[in-house]
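*Asks:* Given the coordinates of chain C, assemble chain L onto it according to the supplied hints.
There are 2 protein chains.
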Amino acid sequence: MKKVLVLGAGQLARMMDLAGAPLGMDIKAFDVRTNKVVHPVDPEHIYGDLQSGIAQCDVITAEFEHVAHNTLNECEKSGKLFPSSDAIKIGGDRRLEKALLESCKVANAKHVVIATKADFDQALKQLALPIIFKSALEGYDGKGQWRLKSLEQADAIWQEMEAFIANATSSVAQGIVAEQMVPFDREVSLVGARNTHGEIAVYPLTENHHTNGILSVSVAAPSEASLQSNAAEVFKKIAEQLNYVGVLAIEFFQVGEELLVNEIAPRVHNSGHWTQQGADTCQFENHLRAICGLPLGGTQLIRPTAMVNVIGEDDISDEIYSIPSVAMHWYDKAKRDGRKMAHINLCGKDEVELAERLVQLSSLLKQESFPDLDSFAKRYLAKVSQ
Amino acid sequence: MKKVLVLGAGQLARMMDLAGAPLGMDIKAFDVRTNKVVHPVDPEHIYGDLQSGIAQCDVITAEFEHVAHNTLNECEKSGKLFPSSDAIKIGGDRRLEKALLESCKVANAKHVVIATKADFDQALKQLALPIIFKSALEGYDGKGQWRLKSLEQADAIWQEMEAFIANATSSVAQGIVAEQMVPFDREVSLVGARNTHGEIAVYPLTENHHTNGILSVSVAAPSEASLQSNAAEVFKKIAEQLNYVGVLAIEFFQVGEELLVNEIAPRVHNSGHWTQQGADTCQFENHLRAICGLPLGGTQLIRPTAMVNVIGEDDISDEIYSIPSVAMHWYDKAKRDGRKMAHINLCGKDEVELAERLVQLSSLLKQESFPDLDSFAKRYLAKVSQ
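Protein sequences, first through last, are from chains C and L.
Residue numbers for the first sequence, in UniProt numbering: 1 to 386.
Residue numbers for the second sequence, in UniProt numbering: 1 to 386.
One chain only, chain C, in its complex shape (with noise of 0.2 Å):
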């Protein structure tokens, strides 16, 4: 039986546990809060510290790009990390990303990379407005983002970002990078797995939907098949450059034809939940599979599938069970706003009838915790009715 130990316990390794269990595979995970080694799914149950949880397991992930560098260092040392301490560093870390594109040679987003006023202004000459500053650490889901649309607001931004790179307690210098604002028409990501033995399965494009910056609803449905075989191209160039293991997502902006890379997160992504219903193998069976050596599972949509975050909601009517092919996952957090509780996955036949699921999901749920769902569906249908 396979020992895993997932740097993490929140509901990334929650999930690859009840993905592990099937394939016979124990899988324990590191609190990075209370530093313990704790049942994933009942973290009550308390196993230990890293040391003994490095010392037992015969592999190591991560569920999450913000681990500490010495915890990653004393992973690596163990020869049991997947996928490389570089590359969850690469994830966690803007700067080290955008050079990680750079020398794949795969198209970005315009940027400059910010650590004094001088980089700052040299940003606003080089890059037309509007202008996205992002921090180099930490700061997913909107948070540590600033947006410049006119020069008067320069002052009063950089003000804030110089405090916010000062106030910065990381054990790696704070830094920002700021971005040519894309006027993409999607964003979709692409999920993929890559194993020890360098076989490479990719899902198909998820476009994706953010509300107040956080995930809020991905669709997976035939892309076209250039799409696709571009992103499956940049997924392939950044994968090898990293000798990556595991699962890997990449986001993309969509302008016409062409697919700029957002960012990258070195681990199962929430824009991959979609595939617990469909696809074959989901994302976290895959990725299981990938770091310990196992052959890759099917990738391919086996039916046109949505998933509907649940965020700081935890009181949903049990009227969408009704729903056929709806799926529930919770992932037994407490309540709090703007967390992540669980995610409500269905699927359709085609695409109509994703999209009138959709809707007709929407009208059981709360308004005001799903904000844009039913504007989404509504839209959704009307598009895929045509």
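Just so you know, not all the hints are guaranteed correct.
The list makes no distinction among identical chains, and a pair is therefore deemed to hold if it is satisfied within one copy or across any two copies.
Computed list of lysine-lysine pairs in DSS-like fashion (alpha-carbon distance at most 30 Å, straight line) [said to hold, decoys possible]:
hint, residue 1, residue 2
1, Lys2, Lys89
2, Lys36, Lys3
3, Lys2, Lys36
4, Lys2, Lys333
5, Lys3, Lys333
6, Lys366, Lys3
7, Lys80, Lys335
8, Lys378, Lys335
9, Lys3, Lys340
10, Lys36, Lys333
11, Lys110, Lys89
12, Lys366, Lys340
These aren't lab readings, by the way, just hints derived from the structure by calculation.
Just so we're clear, the structure is a prediction, and the values are computed from it rather than from any experiment.
*Replies:* Below, chain L without anything else, positioned relative to chain C:
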């Protein structure tokens, strides 16, 4: 969060837990061998005794029908047990089962209940040869069964059965049910659910193949509509007669276009394991939905799906993971001859693809551990390729 206590701590409780965690349910299992409530996936975690388990849960159910009657009665008293103890007991006693089938007026094999030598002689008069004798209590997967092909065997078989009845240690008197052998064309089963509100949903008929009296392969593929509706009608009669709540499995002998009930199982069933990959909502989730009063999930066949049991074998080549759609389900049990260790599900876009994948799967498994699989898979491929 709904708290569910399962009587029995085997693979069925384990798979209920894996299906229940995403629903936000807390599943615990009562191990009837140790009389302890344990974690269904990690049984080294012990929570307490039956009494505290009953007190702390919202709903009680069973993963098998051979639960001691005093345990069932204690659970029933709490008002939390679904299905009822009567329904569970019927599944554990062929005499009650036959009486139920008669009271529902559903077709079944001609039979005689035997307690004494006089009953045995009566059976020989009333039933045509060959006759199969089955113990009324326990005895499944081919144990506690005798076949009488000629009257010359009668004395020897009676002596064996008489000793078997006399040596029984159960609190209820052991007995025998004699059945006239049915010259069936195939064995099929119908798995379905009825929830606390009386809503019913049934899966498509599954064709079952046994090796040495143990289920080895189940195939779920579209059946004739008339056969499916006949089976669904039988399901409705039995489930409503019992005011049944939960998943119920009915095994049939198919003779021409007729279905004779062979036996019923008041629980999730091995022949329904394919639903984990082949249906919107698997039998484990639908069982939990049913007993917790939730609407039932989709039971339609997504794609032709097969299940292969792994019996007495714990060494399966990793190569099987290279077959698209293969889903492995290990039960984390110590290897023992004849023990169900795991099952493998696989799907195809049509029956030809499914059959091809079954042939491929068989070629990667040890023939001695899957003695009939290769010939079955090749026959199946030949049939569906016509």
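*Asks:* For every hint, state whether the structure bears it out.
*Replies:* Evaluated hints:
no., hint, verdict
1, Lys2 to Lys89, "within (25 Å within a copy, 39 Å between copies)"
2, Lys36 to Lys3, "both (16 Å within a copy, 26 Å between copies)"
3, Lys2 to Lys36, "both (20 Å within a copy, 27 Å between copies)"
4, Lys2 to Lys333, "both (27 Å within a copy, 15 Å between copies)"
5, Lys3 to Lys333, "both (25 Å within a copy, 16 Å between copies)"
6, Lys366 to Lys3, "between (41 Å within a copy, 25 Å between copies)"
7, Lys80 to Lys335, "between (35 Å within a copy, 28 Å between copies)"
8, Lys378 to Lys335, "within (28 Å within a copy, 54 Å between copies)"
9, Lys3 to Lys340, "both (27 Å within a copy, 23 Å between copies)"
10, Lys36 to Lys333, "both (18 Å within a copy, 28 Å between copies)"
11, Lys110 to Lys89, "within (22 Å within a copy, 71 Å between copies)"
12, Lys366 to Lys340, "within (16 Å within a copy, 45 Å between copies)"
The earlier numbered hints are all upheld by this structure, with none contradicted.
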